[in-house]
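Asker: With this note's numbering as the guide, the letters of the sequence shown map in order to residues 50 to 512.
Think of the hints as simulated: they come from the structure by calculation, not from any bench. Watch out, some of these pointers could steer you wrong.
Result set (EDC-like, lysine to aspartate or glutamate): computed pairs, CA atoms no more than 20 Å apart in a straight line [what the hints assert, rightly or not]: (1) K391 to E373; (2) K350 to D402; (3) K367 to E292; (4) K225 to E197; (5) K136 to E177; (6) K188 to E240; (7) K288 to E230; (8) K352 to E366; (9) K266 to D316; (10) K367 to E421; (11) K351 to E366; (12) K289 to D339; (13) K434 to E323; (14) K229 to E192; (15) K141 to E192.
Just the calculated beta-carbon pair ranges, DEER-fashion [what the hints assert, rightly or not]: (16) K229 to T390: 16 to 24 Å; (17) F422 to S359: 13 to 21 Å; (18) I295 to E323: 17 to 25 Å; (19) K276 to E157: 16 to 24 Å; (20) D284 to E426: 46 to 54 Å; (21) D258 to S359: 49 to 57 Å; (22) E453 to E353: 32 to 40 Å; (23) E301 to I450: 42 to 50 Å.
In this text the structure is predicted, and so the values were computed from the model without any measurement. The beta-carbon is built from N, C-alpha and C at its ideal position, and this holds for glycine as well.
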Amino acid sequence: MIFKEIFDKCIDFIDIHRNKIITVSLSMLGLIFLSIMFILSSDDLNVEKDSSILLKNIEQRKYTTAIDYYEKCKKEFSESKMSRFDKANSKKINKLLLENGDKYIKGEISKEHYLGVINTINALNTIEIDLERIIEQSKRVSEMYQSESISYEVSLAYMNTASTLNGIINELDIYKNSIKELYQSREVYNEAYKNQGNNMYYEAIQGYDKVLENDKKYYELAQKQKKQSIDIMYDYYIKKIEECDINGNYEEALKYVQYLKAYYEDDEHILALEKEYNKKLSLYTLSSNDIINLISKKSDKKKESLSISSFYQMINEKKYYYVEVFEYDVLIDEVLIDAKTKEIYSYKDIEHDYKTNYSDGYFRSNSDGNVEFAISESKAQFILKNKLDEKGEKYKEIISIDKEKSSRYIKDNEKLEKILGPNKDLYYYELVNKGLFKGKDVYIVNIYTEQIHIISQEKISEF
Numbered sequence: 050m051i052f053k054e055i056f057d058k059c060i061d062f063i064d065i066h067r068n069k070i071i072t073v074s075l076s077m078l079g080l081i082f083l084s085i086m087f088i089l090s091s092d093d094l095n096v097e098k099d100s101s102i103l104l105k106n107i108e109q110r111k112y113t114t115a116i117d118y119y120e121k122c123k124k125e126f127s128e129s130k131m132s133r134f135d136k137a138n139s140k141k142i143n144k145l146l147l148e149n150g151d152k153y154i155k156g157e158i159s160k161e162h163y164l165g166v167i168n169t170i171n172a173l174n175t176i177e178i179d180l181e182r183i184i185e186q187s188k189r190v191s192e193m194y195q196s197e198s199i200s201y202e203v204s205l206a207y208m209n210t211a212s213t214l215n216g217i218i219n220e221l222d223i224y225k226n227s228i229k230e231l232y233q234s235r236e237v238y239n240e241a242y243k244n245q246g247n248n249m250y251y252e253a254i255q256g257y258d259k260v261l262e263n264d265k266k267y268y269e270l271a272q273k274q275k276k277q278s279i280d281i282m283y284d285y286y287i288k289k290i291e292e293c294d295i296n297g298n299y300e301e302a303l304k305y306v307q308y309l310k311a312y313y314e315d316d317e318h319i320l321a322l323e324k325e326y327n328k329k330l331s332l333y334t335l336s337s338n339d340i341i342n343l344i345s346k347k348s349d350k351k352k353e354s355l356s357i358s359s360f361y362q363m364i365n366e367k368k369y370y371y372v373e374v375f376e377y378d379v380l381i382d383e384v385l386i387d388a389k390t391k392e393i394y395s396y397k398d399i400e401h402d403y404k405t406n407y408s409d410g411y412f413r414s415n416s417d418g419n420v421e422f423a424i425s426e427s428k429a430q431f432i433l434k435n436k437l438d439e440k441g442e443k444y445k446e447i448i449s450i451d452k453e454k455s456s457r458y459i460k461d462n463e464k465l466e467k468i469l470g471p472n473k474d475l476y477y478y479e480l481v482n483k484g485l486f487k488g489k490d491v492y493i494v495n496i497y498t499e500q501i502h503i504i505s506q507e508k509i510s511e512f
């Protein structure tokens with residue numbers, strides 16, 4: 050009974066003061082809502098403040114401080130607050146990342162500065178990075194390099210640095226490789242242009258052909274320079290071929306012929322030159338084995354015991370091979386080999402005589418460094434015969450003899466030695482038989498100067 054009376058009174062009170070009760074209730078609910086909003090707003094303000102601190106440290110290049118502060122927040126913040134913190138940072142960090150990329154491209158910051166920002170952002174591993182924006186920026190860098198708005202070094206450094214960003218795997222490779230390919234193509238062009246300036250037209254053309262077609266500017270330049278090189282190369286290489294011919298370098302001459310033939314394949318003059326120098330190369334080129342076989346055959350020495358050192362040279366517009374001949378690594382001869390006739394000439398002068406008996410003649414270097422060839426023995430006889438006929442000397446025959454045999458026809462050997470002096474090995478000895486009861490005279494003919502001396506029983510004098 051008592052409870053019912055209390056309940057009825059409460060109902061009456063509520064009914065009487067209904068408006069006031071509703072007003073108070075709404076006021077309290079509003080107060081509670083405002084309190085909650087204040088608490089949440091205050092928390093957001095703290096998150097924004099913490100985010101600004103983090104960003105400021107990065108902007109001031111206090112990278113270690115920024116990372117330490119971020120780690121401190123991870124430890125102190127609740128999971129929900131840390132999520133709001135990362136979300137607040139994401140937009141700012143992405144903007145900062147793109148701005149620093151642009152600044153590096155423009156040269157406003159150093160590579161180290163840009164790399165420091167990337168490394169710091171990598172350490173903030175729970176902040177979401179918009180990689181698509183980085184990929185777009187990388188594409189733009191690639192296009193800028195193609196248009197020559199930035200250097201190769203800057204563009205490639207940007208790619209290498211941006212590629213270290215967390216989450217970037219191979220996405221930038223296409224742009225990085227494009228930059229490298231363009232760079233290599235332009236280097237090929239520059240080298241080709243340099244070769245063209247140095248009259249290396251064939252090498253220049255080969256380079257121009259390697260310039261990438263998608264690099265429009267340099268491709269068009271390459272085609273223009275290629276045409277110019279082809280036009281110029283004809284007269285220049287014909288001149289080089291003539292020089293090689295004079296020097297006996299038929300292999301080099303044929304190389305220039307092939308250069309021309311590649312771009313003048315139907316030119317009759319070029320085809321004739323190709324045939325000519327293929328023949329000359331075949332006839333006048335001696336390999337080391339060819340030379341050893343030739344010397345072995347003429348000297349009766351075993352091929353296995355011989356080795357050589359050789360090079361070719363032109364003498365009186367003829368091609369010769371100068372050869373040092375070794376037997377068991379001991380120098381036994383210096384020879385000149387006529388590339389066409391395969392005749393061998395051994396070195397002989399007053400200081401060097403290798404005492405060879407297989408050579409077709411002799412040679413020496415004179416005081417001017419030029420090569421002199423000795424006359425042959427048959428020519429020595431011919432010169433002596435003409436001199437005898439000129440002087441009206443009667444004779445029956447002329448016989449070649451060696452120096453030792455000549456002494457039996459000479460009384461004054463001391464005077465002979467004095468005349469010969471150091472040139473004693475540079476003479477041919479000729480015995481002139483003047484007939485029965487008329488005696489015999491010995492003549493000597495210098496193998497290089499063609500000077501003649503008569504050595505008779507009565508006198509020794511220049512003839």
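Asker: Hint by hint, say whether it matches the structure.
Answerer: The hints, checked one at a time:
| no. | hint | in the structure |
| --- | --- | --- |
| 1 | K391 to E373 | holds, 16 Å |
| 2 | K350 to D402 | holds, 19 Å |
| 3 | K367 to E292 | holds, 14 Å |
| 4 | K225 to E197 | holds, 15 Å |
| 5 | K136 to E177 | holds, 8 Å |
| 6 | K188 to E240 | violated, 28 Å |
| 7 | K288 to E230 | violated, 37 Å |
| 8 | K352 to E366 | violated, 31 Å |
| 9 | K266 to D316 | violated, 33 Å |
| 10 | K367 to E421 | holds, 13 Å |
| 11 | K351 to E366 | violated, 33 Å |
| 12 | K289 to D339 | violated, 28 Å |
| 13 | K434 to E323 | violated, 47 Å |
| 14 | K229 to E192 | holds, 13 Å |
| 15 | K141 to E192 | violated, 27 Å |
| 16 | K229 to T390: 16 to 24 Å | violated, 58 Å |
| 17 | F422 to S359: 13 to 21 Å | holds, 18 Å |
| 18 | I295 to E323: 17 to 25 Å | holds, 19 Å |
| 19 | K276 to E157: 16 to 24 Å | violated, 43 Å |
| 20 | D284 to E426: 46 to 54 Å | holds, 49 Å |
| 21 | D258 to S359: 49 to 57 Å | violated, 38 Å |
| 22 | E453 to E353: 32 to 40 Å | holds, 35 Å |
| 23 | E301 to I450: 42 to 50 Å | holds, 48 Å |
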